[in-house]
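Kindly generate the complete structure, drawing on both the sequences and the hints.
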Amino acid sequence: MQIEFRLPSLGADMETATLTQWLKKPGDAVRRGEAIAVVETEKGLIDIECFDDATVAALVVAPGTKIAVGTVLAQLDAAGAAAKPAREPVSVAAPAGAGVTARPPAVPAAPAAPASAAAAARRSRLSPAARRRAHELGLAPEVLEQRAAGAILHVEDVERLAAVTAKATAPPLDARTAMRNVIGTAMARAKREIPHYYLGHTIDFGAARTWLQRYNAALPVQERLIEGLLLAKAVALAAARTEGFNGYFRDGRFERASAVHVGTAIALRGGGLVAPALLDADRKDLRTLMHEFSDLVGRVRAGHMRSSEFMAATITVTSLGEDGVETLYPIINPPQVAIVGTGRVTERPWVQDGSVSVRPLLTVTLAADHRVSDGRSGSRFLQAIAELLAAPEKL
Amino acid sequence: MEARDIRTRVLALLTAIAPDIEPATIDPARELRDQFDFDSMDRLHFAMAISEAFRIDIPEADYTQLGALQSACAYVQHRLGASARP
Amino acid sequence: MAEQTAAVSPGPSEHLNSGAATAAARMTYREAAREALRSALQADPRVFLMGEDVGRYGGCYAVTKGLLQEFGPERIRDTPLSESAFVGAGIGAAIGGMRPIVEIMTVNFSLLALDQILNNAATLCHMSGGQINVPLVIRMATGAGRQLAAQHSHSLEGWYAHIPGLRVLAPGTVDDARFMLAAALACPDPVLLFEHIFLYNMEGELSAGLAGVDIDHAAVRRPGRDVVLITYGGSVHKCLAAAEQLGAEGIDAAVLDLRTLRPLDDATIMDAVRRTRRAVIVDEGWRSGSLAAEITTRIVEQAFYDLDAPVARVCTAEVPLPYPKHLEDAALPSPARIIATIRQLLAKGEA
Amino acid sequence: MSAARTGAVTRERGLRLLREMLRIRCFEDRCVQLYGELKIRGFLHLCNGEEAVAVGAMQALEPADAVVSTYREHGHAIARGLALSPLMAEMYGKESGTSRGRGGSMHIFDASKRFYGGNAIVGGGLPLALGFALAQKLQRQSAVTACLFGDGAVAEGEFHESLNLAVLWRLPVLFLCENNLYAMGTAIERAEAQTDVSAKARVYGMAAASVDGMDVFAVEDAVREAVARVRDGAGPVLLELRTYRFRGHSMFDAQLYRDKAEVEAWQKKGPLITLTTRLKALGLMNEEDYQRLERESGAEVEAAVEFAERADWEPVAQLERFVYAEQARG
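Residue numbers (our numbering), protein chains in the order written: chain A, 114 to 508; chain P, 41 to 126; chain B, 217 to 567; chain L, 211 to 540.
FYI, nobody ran anything at the bench for these hints, they're computed from the structure. Backbone N, C-alpha and C fix where the C-beta goes; we use that ideal spot for every residue, glycine too. Mixed in with the good hints, there may be bad ones.
Below, computed lysine-lysine pairings styled on PhoX-like, alpha-carbon distance capped at 25 Å [to be verified]:
id: 1; chain 1: L; residue 1: K470; chain 2: B; residue 2: K281
id: 2; chain 1: L; residue 1: K479; chain 2: L; residue 2: K490
id: 3; chain 1: A; residue 1: K304; chain 2: A; residue 2: K397
id: 4; chain 1: L; residue 1: K410; chain 2: A; residue 2: K137
id: 5; chain 1: A; residue 1: K138; chain 2: A; residue 2: K179
id: 6; chain 1: A; residue 1: K138; chain 2: L; residue 2: K470
id: 7; chain 1: L; residue 1: K490; chain 2: L; residue 2: K478
id: 8; chain 1: A; residue 1: K137; chain 2: L; residue 2: K323
id: 9; chain 1: L; residue 1: K470; chain 2: L; residue 2: K490
id: 10; chain 1: A; residue 1: K179; chain 2: B; residue 2: K281
id: 11; chain 1: A; residue 1: K179; chain 2: A; residue 2: K137
So the derived label-pair ranges between C-beta atoms look like this [stated by the list, open to error]:
id: 12; chain 1: A; residue 1: K507; chain 2: B; residue 2: Q461; range: 45 to 55 Å
id: 13; chain 1: P; residue 1: T65; chain 2: A; residue 2: Q326; range: 30 to 40 Å
id: 14; chain 1: B; residue 1: G466; chain 2: A; residue 2: E117; range: 22 to 32 Å
id: 15; chain 1: B; residue 1: A563; chain 2: A; residue 2: K507; range: 37 to 47 Å
id: 16; chain 1: B; residue 1: Y521; chain 2: L; residue 2: G341; range: 46 to 56 Å
id: 17; chain 1: A; residue 1: R489; chain 2: B; residue 2: E465; range: 23 to 33 Å
id: 18; chain 1: B; residue 1: E465; chain 2: P; residue 2: E71; range: 48 to 58 Å
id: 19; chain 1: A; residue 1: E147; chain 2: B; residue 2: G466; range: 50 to 60 Å
id: 20; chain 1: A; residue 1: G365; chain 2: B; residue 2: P526; range: 16 to 26 Å
id: 21; chain 1: A; residue 1: Q326; chain 2: B; residue 2: A563; range: 42 to 52 Å
Computed, partial: chain P to chain A, Cβ under 8 Å [unchecked claim]:
id: 22; residue: L51
id: 23; residue: T55
id: 24; residue: F76
id: 25; residue: A93
Right, dumping it as structure tokens:
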């Protein structure tokens, strides 16, 4: 019966050895317990014992070679010994002592971290660093905690929250400059961390504009819509239908958001921008959306912001309105993965079916996260917006 | 209604829909949009407030006349004059 | 046979390793430790080595193999199994003008010499009003991971780092294994050098042009922005492995090797904590009253307002180390446990 | 101490002692192979060559007596009556091992047989043995405590402290020094100014004798007589059992500290050869007896290996159990 004679492990921390000398040659008989070879280890020369009465068939490893524990050194012919059940050799890497039958139970990833003794009442908590940053930005921790609705606030959170509340509650001038650089750092970090790509698309806003004028003419002031709302609804529907623009990028991967909450950028007096969300903008009709949008802006102006609203946005729309330039290249609002920007609607020449005419044109731009989407899906997204705006009655 | 009354009421309406504007700093002749980032929603809110307060309907085309404080007051006076009430 | 004591002339008092700066070389931690001993013995006739089976047997972990043949039985002294006796003898010989290096086979046996180390070595200078100092170096293997079961797997660096009067070092790299000994010998006070048993077989690059290392500062082994892993000795490579894997997931973990456990290099520790605002301490000791506990307290005392999260600790489970591999692995700090701790630290939700 | 009274040398007694020694020899040879196959890990210290000490000593003890051993303990445990299967399972680290798999080769325990374990700290067992003997004395028990240790422990402070206290308090403890001439890599004459261990014991006023540790009859007779003395309350006794280990201190040992000729010389007067030569000379056994006993031992060891291979690992969830005693509830 053929036996593979392997280099045995001789010590708790012995991983390799160098064969220095064979004490037997092919054809020699070897008795149980007799040394068959000598190896050099960290501790010096050690005889290697054979555990079977056998004859040497072939020597596999030449003297002078360094080998790992478990390597086959020689082939032996067992002298008629009863065939021993071949037991699976344990590879050096395998956890030593892995028996044939019993598998060592998998080591759990980690003992569960001790649950905090009593789950703190849903009071949100400011980390010490966040508390100090809040102080620097002239923000009362209580206001921040009330805004954070139960989450743990870190430095970045304070900086984002400060971007809103400090402005809305008309803080003293120096805090406003502190506000300026807080938003600056948030933007800089987003620019640095998120690999942006940009796409622009000019569309004929004529259909939407005439539809809106006719729609508003029939209604009192209180029920009229504004152009920005049509855009928000179009973006919401397009985001719902195109993969990779609606959701968050966190812990190294994209989390697709199930609902579509469109962050609508509202310029704050004296600098700064917030983008509270129109919740489920893809599913609500224009009338309801307008009512919510109007209420949202009113509360921003009055400083009564709900933190959940501006933390909830899954995509953002930002516009320069009537007095801006034609094209706007926005920065993504982390952890979101896309933002749509629009410039001013301007009367410009437009070629259609070979003839040129003057049309109210709008340049819609997209800034998106290249880790999640790319130019091809980005342009499909912008074309969807254009098609939706071309049939405003269906919004 | 006296011009002075109209002005105080219109100013009150403006600060109601834009509490973050300091009334004393308003230049009546200049466009609100240029002074305070007065966007389309603000203008709509301003028009709604005036329409309710003075019970007058304001067609979209007239919005531009509400662009500055002074022109807004003049517009109201004009509209009230036209339908003067005791 | 009577021991002739060769005439021993006091060597140069300041003898930083005067060997020429080294060329870059790849060697094991064991070879670096052996080279350190050889150059120490060559550099100063007052240096001698004493310990169980350091001579004929070649050292329990083969670190001292060949030294007896090179330096002779007077300077490479096998001792009986009498830890208290030969450690105390080391203390006496150091005061008496020699520069002994005592090897205690493992920290597990050092408990038999703890009285000599604490009540004599660490205390004599202060107690004698500064008249006596103890320029002694004690080397010990430490740590677990080779299934040697409870009595042979202790990690008690934290005990010794508790004692004023001692300096405690944990060489975790080939460079430190090669050069910390010389700096320790140059120190007028007793220095304990802990060599983790897992490191002996570890191969590493000995930096080129290195003539010595300091024993006063921690070292950043890997820069990072999101969290710092504070560790030493046998856990350094575990932290680097964890940091590598986290890097692939966009989490940037720094690794700080303490190198000196007493005195702790507070300045470098706090600087690392301020940069990342999150700290995880990886210590093979049991957490209660551990080195990790001491460092956590210092961070809370000195960098409290720079923390974005509570300091976390990954220590050995509070059990005597069991023999079976799967239980020992579950008890010891591991890359998997380090990564899980960091993920939880960075989570936004409820702690 | 008078020369050991020699018990009768009969075929039954001879084969019984031979069988016990073969079971130990076969068990440990199999462990060497299993260590090479990574099935056994950690440190492994073998008593190959010292089987007569284990068997001779344990034959002379009563079940109620306490036994304290060292990390070179497989022979002591087997001779004391611990079953091979749980013993091999302990070598593997399996839950059905003698210590639930947690101790391994150096920490074998069996409270039911009053086998109070191996100890990996040299000399660590001596003070423990004093305690067992003190409890036996205070509770007026007739049981005694046997404390086994090697020549290495003689150099530890605990050797001095324990012998002194044992004599001072006339404790029923039997110190059995298994002197195999080497403390790991240091020969006794390079570690001890006085190498006659029994002479050291007499300095404390303790009865002591030196015995040929390779002659299992001599060991049994000497231990039987010493135990009788201790059980009578005459105070502690030390026996120095001169023996030799044929393999390294532990698995990873190049044995640089002794030469092969010395090992081979001792192997010619090993415990098995000494016993079989004498029994054959007296016509009390033949080669066929030897082959039968060796086959039986081999089969028993293989069964133990199968038991260990099939046995389960202790679940990780139980890692923290028994850090503190679990009082039998209810």
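Tell me the hint numbers this structure goes against, listed in increasing order. 3, 4, 8, 9, 14, 22, 23 and 25
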